[in-house]
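S.K.: One-letter residues, chain by chain:
Number of protein chains: 2
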Amino acid sequence: MYLGDEFPNFTANTTAGKIDFHDWIGQSWAILFSHPSDFTPVCTTELARVVKLMPEFKKRNVKVIGISCDSLTSHFLWCRDIRSYAGCTLDESFPYPIIEDEDRIIAKTLNMLDKDEMDSKGMPLSARAVFIIDPQKKYRLSILYPATTGRNFDEILRVIDSLQLTDKHRVATPVDWKMGDDCMVLPTVSDEDLKKSFPQVKVVQVPSGKQYLRKTPCPKM
Amino acid sequence: MYLGDEFPNFTANTTAGKIDFHDWIGQSWAILFSHPSDFTPVCTTELARVVKLMPEFKKRNVKVIGISCDSLTSHFLWCRDIRSYAGCTLDESFPYPIIEDEDRIIAKTLNMLDKDEMDSKGMPLSARAVFIIDPQKKYRLSILYPATTGRNFDEILRVIDSLQLTDKHRVATPVDWKMGDDCMVLPTVSDEDLKKSFPQVKVVQVPSGKQYLRKTPCPKM
Chain X
1 MYLGDEFPNF
11 TANTTAGKID
21 FHDWIGQSWA
31 ILFSHPSDFT
41 PVCTTELARV
51 VKLMPEFKKR
61 NVKVIGISCD
71 SLTSHFLWCR
81 DIRSYAGCTL
91 DESFPYPIIE
101 DEDRIIAKTL
111 NMLDKDEMDS
121 KGMPLSARAV
131 FIIDPQKKYR
141 LSILYPATTG
151 RNFDEILRVI
161 DSLQLTDKHR
171 VATPVDWKMG
181 DDCMVLPTVS
191 DEDLKKSFPQ
201 VKVVQVPSGK
211 QYLRKTPCPK
221 M
Chain A
1 MYLGDEFPNF
11 TANTTAGKID
21 FHDWIGQSWA
31 ILFSHPSDFT
41 PVCTTELARV
51 VKLMPEFKKR
61 NVKVIGISCD
71 SLTSHFLWCR
81 DIRSYAGCTL
91 DESFPYPIIE
101 DEDRIIAKTL
111 NMLDKDEMDS
121 KGMPLSARAV
131 FIIDPQKKYR
141 LSILYPATTG
151 RNFDEILRVI
161 DSLQLTDKHR
171 VATPVDWKMG
181 DDCMVLPTVS
191 DEDLKKSFPQ
201 VKVVQVPSGK
211 QYLRKTPCPK
221 M
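Residue numbers (the working numbering), protein chains in the order written: chain X, 1 to 221; chain A, 1 to 221.
Check each hint, because a few of them may be wrong.
It does not matter which identical chain is meant; a pair holds if it fits inside one copy or across any two.
List of simulated lysine to any residue pairs, SDA-like, C-alpha gap at most 25 Å [said to hold, decoys possible]:
| no. | residue 1 | residue 2 |
| --- | --- | --- |
| 1 | Lys108 | Pro8 |
| 2 | Lys210 | Ser93 |
| 3 | Lys196 | Leu186 |
| 4 | Lys215 | Tyr85 |
| 5 | Lys178 | Phe153 |
| 6 | Lys138 | Asn111 |
| 7 | Lys63 | Glu155 |
| 8 | Lys121 | Asp154 |
| 9 | Lys138 | Phe76 |
| 10 | Lys63 | Asp193 |
| 11 | Lys178 | Thr11 |
| 12 | Lys195 | Phe21 |
| 13 | Lys108 | Asp193 |
| 14 | Lys220 | Gln200 |
| 15 | Lys63 | Gly17 |
| 16 | Lys195 | Phe76 |
| 17 | Lys115 | Met1 |
| 18 | Lys168 | Leu194 |
These are calculated hints, taken from the structure and not from any lab test.
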């Protein structure tokens, strides 16, 4: 599966009922993120952070769904721990679904198993994968971290901002960019069009003499 | 290719001569990172940032190598622009090699092409991939970003710190962790061993009553 491909569709049992993944995404962006195992420490900190970030995801029209090789029964019990760790009251409903993938069918399809992490039956667990999928169901970005290394959700928000901004405007976001920082005008913007479309552009001079480093203030979303 | 597999070996022509990838890694950690195209804006900001971060990579025993579908001639000319953008003098040698992969053999093997980005001949370009490989040549972590979205090298340093720390100590790093922050004791550490090995451990109580959220101060590297 390459970036730019349609993301594979699947049906799955989740804590919010059975879903067809593409139907569930609908007109939103989506983050599918896996964790190695319920009732383990790093996973709890991650899923609690996602609970607290729900307003940020909603603001960006992003749906979030978890997945691991545990059963729905396990997910439901563990959600109580996650809510507690996140500081929520236990009568609030859990704000995003978690998929059960006990037979590893989805984990294998999406190549997110970790050979270094086995369950008590010697079956490989899922790693810490993140897939970002756009409303056209296109696979746009991924990360794959091992069980030992919790993810950074500020970075995940940052890349969503970049993907959404660059879908709307003819710019790309440079290294270490954050929303509001200067952007780079795309190479496909002609010199003729440049000053009209990006009146505040600044071209950085480099030894090759080529005029490709064209910085512009961050466009408005 | 799953996390935990041996990372594929290959020979390649680079700006520092022909290499056997595993021999080149030697006893170091390695980062292989691809970019879509030489003489393009975001790539220049990224490779310049890596130039400036070389002391941080060296401190962590990490070798860095770039790759794209451009020729060595193109890489050599472009390196002058990168050095200039990074604020280096032009008589300094470029501090890391860049692989030429004009026939896309390595890009295909490592699944890092981006179908949304084509060159002038209609051939797909490489995306912004990062692969982290340990001194045993094991594939440990990856990210895959599209051309529009420059990477975050603070995040890359953060995950290297996590991988190296958790290789040495029986801990994992929670969500959004940075070096020095509290860690989580691994589930494989028994209750008997816990107090002896982690005298400052604090167990977070959760509704399930399970004792798996065991926080400890960050061990020394």
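S.K.: Run the structure past the numbered hints and jot down the numbers of the failing ones, going up.
M.R.: Checked against the structure, the hints that fail are numbers 8, 9, 10, 11, 12, 13 and 16, while the rest are satisfied.
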